[in-house]
Structures are given as C-alpha cells and as structure tokens.
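> Sequence:
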Amino acid sequence: MGTSMYERLGGASGIGHLVDDIVEAHMANPLIQARFLPYREQPERLAAVKRHLRDFLGMGSGGPEQYDGKGMVGAHRGMNIGAEEYMAAMDDILGVLTKHGVDEQTRKDVLAIAYSLKGEILRV
Numbered sequence: 001m002g003t004s005m006y007e008r009l010g011g012a013s014g015i016g017h018l019v020d021d022i023v024e025a026h027m028a029n030p031l032i033q034a035r036f037l038p039y040r041e042q043p044e045r046l047a048a049v050k051r052h053l054r055d056f057l058g059m060g061s062g063g064p065e066q067y068d069g070k071g072m073v074g075a076h077r078g079m080n081i082g083a084e085e086y087m088a089a090m091d092d093i094l095g096v097l098t099k100h101g102v103d104e105q106t107r108k109d110v111l112a113i114a115y116s117l118k119g120e121i122l123r124v
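So for the sequence shown, UniProt numbering puts the first residue at 1; every next one is plus one.
A couple of the hints might just be wrong.
[Said to hold, decoys possible] Under the rule of at most 20 Å between Cα atoms (straight-line distance), these lysine-lysine pairs were calculated in the PhoX-like manner:
id: 1; residue 1: K70; residue 2: K118
id: 2; residue 1: K108; residue 2: K118
id: 3; residue 1: K99; residue 2: K118
id: 4; residue 1: K99; residue 2: K50
[Unchecked claim] Computed Cβ-Cβ distance ranges for the label pairs, DEER-style:
id: 5; residue 1: E104; residue 2: G71; range: 28 to 34 Å
id: 6; residue 1: N80; residue 2: G101; range: 20 to 26 Å
id: 7; residue 1: D103; residue 2: V124; range: 30 to 36 Å
id: 8; residue 1: E24; residue 2: A75; range: 17 to 23 Å
id: 9; residue 1: A47; residue 2: G95; range: 30 to 36 Å
id: 10; residue 1: G10; residue 2: V124; range: 29 to 35 Å
id: 11; residue 1: G62; residue 2: R40; range: 30 to 36 Å
id: 12; residue 1: H17; residue 2: Q42; range: 35 to 41 Å
id: 13; residue 1: M90; residue 2: R45; range: 19 to 25 Å
id: 14; residue 1: V124; residue 2: G101; range: 29 to 35 Å
Just so you know, these hints were derived from the structure itself, not from any lab.
The beta-carbon is built from N, C-alpha and C at its ideal position, and this holds for glycine as well.
Could you put the whole structure together from the sequences, leaning on the hints where they help?
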C-alpha cells in the first residue's frame, strides 16, 4: 500500500508549515494580496483562516483533521474571484509545495484537487 497524500505532505506539522507559507505567499502576491493583507491586522481571523486551511487540507489529504468550516461556495460567495486571481493562488500553492520539496506527483495531486474546486470558487 502506498503512502497517503497526508503523509507525503508531512502530516499535521508539514501541512501547518505549508499553510503558513501559502498564506504568506498570497499576502506577497500583488494579484491577490488585497484579499489577504487585512488579516495581518486581525490576528484572530488570520488564525481562524489558517486553522480552516490546515483542517481542510489535512482532511482532504487523508488525515485525521475534521474540517468544520463553510463549504467552498459559502466561503467564497460574494468575493467575485476571477480566473486571474484563482490562477495566482494556484501558482502560490505550487511554489510553496516546490519550496518545501514536495514531490512532483503529490504536487500534481494537490493541484488536481484544487482545480476540481474551481467552479465552487470562481464568481460565486
């Protein structure tokens, strides 16, 4: 039996580091930073966003975490996220996965999951 995606991402600790760096990458990305920089002034909201992302990625990759946040449509409703912003976020995710030494197949798996959610995020 192969290693789970959760294990390939480094388990809870690895996913925590990935999420921290993904959020930082989003804050530095000129195409999407306006959506993320306000969280710097709201540490409780930033912590909640990171917790939701960790739980979502942990549960979605086969870990024991339980995601109790909104569904994708509910979480993104009214944000009017366009394709350019979505692709900028995907580029950030890919860059962080690469920086952390995540293998190519796991990067492809993560991006496949992210792309499968595109219709629940764009222009909802």
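> Are the hints correct? Go through all of them and say.
Evaluated hints:
| no. | hint | verdict |
| --- | --- | --- |
| 1 | K70 to K118 | holds, 16 Å |
| 2 | K108 to K118 | holds, 15 Å |
| 3 | K99 to K118 | violated, 24 Å |
| 4 | K99 to K50 | holds, 19 Å |
| 5 | E104 to G71: 28 to 34 Å | holds, 30 Å |
| 6 | N80 to G101: 20 to 26 Å | violated, 35 Å |
| 7 | D103 to V124: 30 to 36 Å | holds, 32 Å |
| 8 | E24 to A75: 17 to 23 Å | holds, 20 Å |
| 9 | A47 to G95: 30 to 36 Å | violated, 23 Å |
| 10 | G10 to V124: 29 to 35 Å | holds, 31 Å |
| 11 | G62 to R40: 30 to 36 Å | holds, 32 Å |
| 12 | H17 to Q42: 35 to 41 Å | violated, 22 Å |
| 13 | M90 to R45: 19 to 25 Å | holds, 23 Å |
| 14 | V124 to G101: 29 to 35 Å | holds, 34 Å |
The structure fails hints 3, 6, 9, 12 (numbered hints given earlier, in ascending order).
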